Amino acid sequence: MSETRAAPAHQFDDFEQQYEAASLGMWAFLATEILFFGGLFLGYTVYRTLYPAAFTEGSHHLDIVLGSINTAVLIGSSLTMALAVHSAQVGRRQAIVGFLALTMLLGLVFLSIKTVEYGHKFDEALVPGAHFVYDGPFAPQVQLFFSFYFIMTGLHALHMVVGIGIMAVLAWLAWRGKFSPTYHTPVEISGLYWHFVDVVWIFLFPLLYLLGRH
Amino acid sequence: MNATATTPRVHYLNANYGIASWLLTTDHKRIALLYLATITLLFFIGGAAAVLIRLELITPAGDLVHSETYNRLFTLHGIIMIFFFLIPSIPTVLGNFLVPMMIGARDLAFPRLNLASWYLFTAGSVFALVVMVAGGVDTGWTFYTPYSTHYSNSHVVLTIVGIFINGFSSILTGINFIVTIHTMRAPGMTWFRLPLFIWAHYATSVIFILGTPVVAIALSLVAIERVFRVGIFDPALGGDPVLFQHLFWFYSHPAVYIMILPAMGVISEVITCFSRKRIFGYTAIALASISIAVIGFFVWGHHMVVSSQSVYASMVFSFMSMLVAIPSAVKVFNWTATLYKGSVAYQAPMLYAFGFIGLFTIGGLTGLFLASLAVDVHVHHTYFVIAHFHYIMVGGAVMAYLGGIHFWFPKITGRLYPEGWAKFAALVIFVGFNLTFFPQFLLGYLGMPRRYHFYPEEWQVLNVMSSAGASILGVGYVLPLIYLVWAMRYGAAAGPNPWRAAGLEWQTSSPPPTDNFERTPVVPEEAYAYGPKEEAEVV
Amino acid sequence: MWSNLPLFPEQASTHAARVDELYAFLVGVSVFFASLIFLLLLYFAIKYRRRSEDEQPHPVYGSIPLEVTWMAIPFVLVMIMFLWGASLYIALASPPADALEIHVVGKQWMWYFQHPEGQREINELHVPVGRPVKLTMVSQDVIHDLYVPAFRIKMDVVPPKYTTTWFEATKTGTFQLFCIEYCGVAHAGMVGRVVVMKPTEYERWLQLGTPEEAPVVAGARLFQSLGCSGCHAANAAVRAPLLAGIYGKPVPLATGQVIIADDSYIRDSILLPQRHIVAGYHPVMPPYQGRVSEEEILQLIAYIKSLGGEPLGRGMTQR
Chain F
1 MSETRAAPAH
11 QFDDFEQQYE
21 AASLGMWAFL
31 ATEILFFGGL
41 FLGYTVYRTL
51 YPAAFTEGSH
61 HLDIVLGSIN
71 TAVLIGSSLT
81 MALAVHSAQV
91 GRRQAIVGFL
101 ALTMLLGLVF
111 LSIKTVEYGH
121 KFDEALVPGA
131 HFVYDGPFAP
141 QVQLFFSFYF
151 IMTGLHALHM
161 VVGIGIMAVL
171 AWLAWRGKFS
181 PTYHTPVEIS
191 GLYWHFVDVV
201 WIFLFPLLYL
211 LGRH
Chain V
1001 MNATATTPRV
1011 HYLNANYGIA
1021 SWLLTTDHKR
1031 IALLYLATIT
1041 LLFFIGGAAA
1051 VLIRLELITP
1061 AGDLVHSETY
1071 NRLFTLHGII
1081 MIFFFLIPSI
1091 PTVLGNFLVP
1101 MMIGARDLAF
1111 PRLNLASWYL
1121 FTAGSVFALV
1131 VMVAGGVDTG
1141 WTFYTPYSTH
1151 YSNSHVVLTI
1161 VGIFINGFSS
1171 ILTGINFIVT
1181 IHTMRAPGMT
1191 WFRLPLFIWA
1201 HYATSVIFIL
1211 GTPVVAIALS
1221 LVAIERVFRV
1231 GIFDPALGGD
1241 PVLFQHLFWF
1251 YSHPAVYIMI
1261 LPAMGVISEV
1271 ITCFSRKRIF
1281 GYTAIALASI
1291 SIAVIGFFVW
1301 GHHMVVSSQS
1311 VYASMVFSFM
1321 SMLVAIPSAV
1331 KVFNWTATLY
1341 KGSVAYQAPM
1351 LYAFGFIGLF
1361 TIGGLTGLFL
1371 ASLAVDVHVH
1381 HTYFVIAHFH
1391 YIMVGGAVMA
1401 YLGGIHFWFP
1411 KITGRLYPEG
1421 WAKFAALVIF
1431 VGFNLTFFPQ
1441 FLLGYLGMPR
1451 RYHFYPEEWQ
1461 VLNVMSSAGA
1471 SILGVGYVLP
1481 LIYLVWAMRY
1491 GAAAGPNPWR
1501 AAGLEWQTSS
1511 PPPTDNFERT
1521 PVVPEEAYAY
1531 GPKEEAEVV
Chain R
2001 MWSNLPLFPE
2011 QASTHAARVD
2021 ELYAFLVGVS
2031 VFFASLIFLL
2041 LLYFAIKYRR
2051 RSEDEQPHPV
2061 YGSIPLEVTW
2071 MAIPFVLVMI
2081 MFLWGASLYI
2091 ALASPPADAL
2101 EIHVVGKQWM
2111 WYFQHPEGQR
2121 EINELHVPVG
2131 RPVKLTMVSQ
2141 DVIHDLYVPA
2151 FRIKMDVVPP
2161 KYTTTWFEAT
2171 KTGTFQLFCI
2181 EYCGVAHAGM
2191 VGRVVVMKPT
2201 EYERWLQLGT
2211 PEEAPVVAGA
2221 RLFQSLGCSG
2231 CHAANAAVRA
2241 PLLAGIYGKP
2251 VPLATGQVII
2261 ADDSYIRDSI
2271 LLPQRHIVAG
2281 YHPVMPPYQG
2291 RVSEEEILQL
2301 IAYIKSLGGE
2311 PLGRGMTQR
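Protein chains in written order, with this note's numbering: chain F, 1 to 214; chain V, 1001 to 1539; chain R, 2001 to 2319.
By construction, these hints were calculated from the structure, which means they are not laboratory data. Note that the structure is a prediction, hence the values are computed from the model and not measured. Just to be clear, a hint being listed does not mean it is correct.
Claimed, not checked - Straight-line distance between alpha carbons at most 27 Å, and here's what the computed DSSO-like set of lysine-lysine pairs gives:
1) R:Lys2249 / R:Lys2161
2) R:Lys2171 / R:Lys2198
3) R:Lys2198 / R:Lys2161
4) R:Lys2047 / V:Lys1423
5) V:Lys1341 / R:Lys2134
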């Protein structure tokens, strides 16, 4: 991932092997991420089954409009990411940089909206811990719901921040002309990572925001 | 042994000099040695904790240290030995060194990630050591809630951070091995020509990547609860402390297969070389490794039989636990059968292999006691369990680790170790080990609970026997430290293949050049190609 | 010296001897296979020892029949171990209906035992010989575990819910009791004794004890003082399920589920009432988490259990 590639890295025989390795490596890493988030999803599912009323109650306090906008924003960012990868495949340097920048922008929009949502929860005293205040029924389990809300969306947001950082590095490398149709592996595998982050949100959104809304 | 064994002029150890060439290396062989250094240090720290524990248990009263200290000692012993010694040991030292060589590659798929793994491991260990100096942690290595989240007054969060960072090291190593084995095999090296050491590391790596993240999230939630008091496992909020146990054991049971599968890989290599014969039942052993990894993900509830888990769940876990014993039994029988009509030599690696097979068999059989529900109810959390897992981990994995270190010592250093001392140390370890841990089976069935700082008088005789054994075992472990370090400097030159072993790693010089092979090897035949034929030309 | 090295704890319960039988089978199988491997290794290592440096034995690849055999035989053996162990375990999970019910509270670092007649004990449990005893246990803080080696019983004692185990002692005497789930600094000191007495002596012991308020009586008092009767009485201002005769009967919940009103249900309904809303009622009961101790919960349960009559208040669907 440094100077313009005249040859693959020394441990590889050719570019094809290098690409295969990088790709398999990223898929293996994504498997670990699935298990990592999986533990949280399992915990959430267990408590949702035990306390359906409380969790539905908690879910109603989430802003479904902002959540839906965020979902659209993130899906859009996956589109721009896919376009960035395509640009790399056909060697259009400016397009790579442009689409990566757009992806980053959309990611930042997502995070900004998330910050606004967190701010609302803070104002409503719905942040779990010493300052949690809730007057309705099932207060302790509603706090449990919000614990999961903050931990799961927080972990997701952390992954997005990392992803945006990676995009920045990629954009800089693309600007410097490091990628070509023969070598653009980092863009492809970062694309995989970004799509994964998107998919996690696609599971989080209905589980957290859409409970009991019919 | 070659009469005119020589060391090559340039090899991976002297290709560059200076601290930076080691701390910034991307050569998998140097990284293996970096791991060897840190792991050895941590092993002796964990061992020191064990020495203090066994000293305390010589007398029934808690008279050597206070209970607070004792609880921190057994916690530290468990955390260091499991997370910072056993889990990394064979994969990061022997695996890192040998996986590329055994498949004919120049390095692992991601050399810089490999170096990052070592830095993460070291950083995690630094946290563990800081915790130790700052007063320790007293939750047991199992961190059960609500004790760890609401009641312990020790450095729980700091410890968890160290283990979490270390977990990333495991994950990156696992990814590296899987990708390397899939994509970088030399021409002719098909899957069923791979050495069983590689199969073992492949299966281990699958567990690394699928299991580690779950314990990472489980421990993260404990840390979050401690810091923010949000109550995921807090009964007062309707949380369930037993949920933690499920998340914890989902990793920690497969973790034991992370610890034993690489060891089994070492044994397959040693047994074949020192019987000078192909392994009996290659396919059976390869498939057994994968089966153990897979079935091992479905048995975690056998740690929770009396936890308030449902009767039906316990029965399913008991059944699956019985099943996972079968592939291990298959391996033991196949190794034994490999000796049949072989040409058996008794150098130290083989002595360690014999010790492994015997002690692993006992350890594995006692696992059946624990899998059998009614007996498990009686011996759960007693010294019976402690004896069981030490037979597998110490009698098994550590002996395989030492056997592997001795077997590949000539390849790694280019020198021979002193065989007499090595045999003597292996014997001391075997005797010391059995004296330490066999009495603990008896103590366990009699009812002695684990993690007890003091105990009823009638159990003193067995405890004294165990502590006496521990002192012998300690001597046994110090001996290799001394003579191996000596041999690194003063040992005789080994030559490329002092054992006349099969395997690609033996077809290059000792120590190997930085890129492992002068030319990429081509693999014309199956692994362990021993047998009457012309002597293969040695490079 | 050998007489000082016993291999088994005493067998003092109906269950103990059966567990030891299974243990003996396991030991036998283990000794057989361990010896087999040891002897084969020794025999092969000696018989086939390397006699010259240039020896090259012929390869033996394997044998499918042998592989199948040494998978099939262990499989049969482990299935026997599984079925035998499981059947004993199921028996251990099935206390007889007429068992003497003792309630246990574990807390750092002591055991509290409550007899149905009112006797309370700390760290010591008196029981009659030859009669099944069921222990219903809960923890007030961290996870503990009650273990009596001589009975071969063990069960975790956890904070949010009741766990149960049972035994029938077969001989009189005093037997060690341990906490066997690490629970903090004084874990090793959280020990006790089970004192098994002849039935007549047990009766005498019950009467000799300090006259305690029977749990039922204490429970009736708490029912008033904690405000329960303010709603759970026939002519209360707030509509709440009436509790007469509900113990052990099915209760229909708002979710459509039907649950049996056992000890756990009553305990949950007191501490976290939103967990189980009865069909036809609003979730307005305040939680008593933190306002009532485990001992008091046991007394309330005893009182509710004592209420006879037909369960009232079912069937109304107004929400």
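Hints, one by one, checked against the model:
no.	hint	in the structure
1	R:Lys2249 / R:Lys2161	20 Å, holds
2	R:Lys2171 / R:Lys2198	9 Å, holds
3	R:Lys2198 / R:Lys2161	33 Å, violated
4	R:Lys2047 / V:Lys1423	20 Å, holds
5	V:Lys1341 / R:Lys2134	60 Å, violated
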